[in-house]
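Peer 1: Let the hints inform the model, and build the full structure from the sequences given.
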Amino acid sequence: DSGVTQTPKHLITATGQRVTLRCSPRSGDLSVYWYQQSLDQGLQFLIQYYNGEERAKGNILERFSAQQFPDLHSELNLSSLELGDSALYFCASSVVGDQSTDTQYFGPGTRLTVL
Amino acid sequence: QKEVEQDPGPLSVPEGAIVSLNCTYSNSAFQYFMWYRQYSRKGPELLMYTYSSGNKEDGRFTAQVDKSSKYISLFIRDSQPSDSATYLCAMSANQAGTALIFGKGTTLSVSS
Chain A
91 DSGVTQTPKH
101 LITATGQRVT
111 LRCSPRSGDL
121 SVYWYQQSLD
131 QGLQFLIQYY
141 NGEERAKGNI
151 LERFSAQQFP
161 DLHSELNLSS
171 LELGDSALYF
181 CASSVVGDQS
191 TDTQYFGPGT
201 RLTVL
Chain B
3 QKEVEQDPGP
13 LSVPEGAIVS
23 LNCTYSNSAF
33 QYFMWYRQYS
43 RKGPELLMYT
53 YSSGNKEDGR
63 FTAQVDKSSK
73 YISLFIRDSQ
83 PSDSATYLCA
93 MSANQAGTAL
103 IFGKGTTLSV
113 SS
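As they're listed, the protein sequences go chains A and B.
Take 91 as the starting number for the first sequence in the working numbering and just add one per residue.
Take 3 as the starting number for the second sequence in the working numbering and just add one per residue.
There's no promise every hint is true.
To be verified - Some chain A residues close to chain B (C-beta under 7 Å, calculated; not the full set):
(1) Phe135
(2) Ala146
(3) Asn149
(4) Gly197
What the hints assert, rightly or not - Pairwise CB distance ranges, derived in the manner of DEER restraints:
(5) Asp91/A with Ser22/B: 25 to 35 Å
(6) Lys44/B with Gly118/A: 14 to 24 Å
(7) Glu17/B with Thr191/A: 28 to 38 Å
(8) Thr105/A with Lys58/B: 44 to 54 Å
(9) Thr191/A with Arg43/B: 21 to 31 Å
(10) Thr105/A with Asp80/B: 44 to 54 Å
(11) Ser117/A with Ser42/B: 41 to 51 Å
(12) Ser70/B with Thr203/A: 41 to 51 Å
(13) Ser84/B with Ser169/A: 37 to 47 Å
(14) Glu152/A with Glu5/B: 18 to 28 Å
(15) Gly18/B with Asn141/A: 40 to 50 Å
(16) Ala19/B with Ser169/A: 46 to 56 Å
(17) Asp130/A with Ser111/B: 18 to 28 Å
(18) His163/A with Arg43/B: 16 to 26 Å
Derived by calculation from the structure, the hints in this document are not laboratory data.
Just so it is clear, CB atoms sit at the ideal spot from N, CA and C, and this is done for glycine as well.
Peer 2: Here is the structure:
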């Protein structure tokens, strides 16, 4: 158990809908990262927050947005969902937020299925 | 050309075998190299971390980085069935705002 929690574990929804994925980082970690994992693309970095502020942005679609709240939990919002958004979404956390030197601890993931 | 290339396998070996997992990359700015292990339906966990070139050993695991060839390897000695997982390489250039770039992962199966 990494100490990172994600809810829900599974999400099934329809095209065009909007969903929110939630992540609670390990105690003491200030940085949260969101990743998307699909069979064809592998693990892709989406976005990083550090202590409430956006720190780095990856291949995140405009239909997706995220935020980190004062209690450091984070939410990833996915809207106007398409079939291709079906994937595993992971949250990770780290202490400082330096992607090169920090150890990132990954949560168990949320499996999103868009029908 | 993708920034990080990794053979997806699957790789099947008998228990006790030495396993070699590899990644190649194209960005010469990468300086930090990691190997993550991901069990089925779980999140990745960090196995090994190496800065720049050279070797690093931790128990049965050895990570090697050859920056001149843009090639990194993970060796697993005396492989065990519990090593059966997907192994992801990851690397970073440590420039402000840059992210870890992951390989697609190699699936390893160790049979007893």
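Peer 1: Which hints from the list above does the structure break, by number from lowest to highest?
Peer 2: 3 and 11
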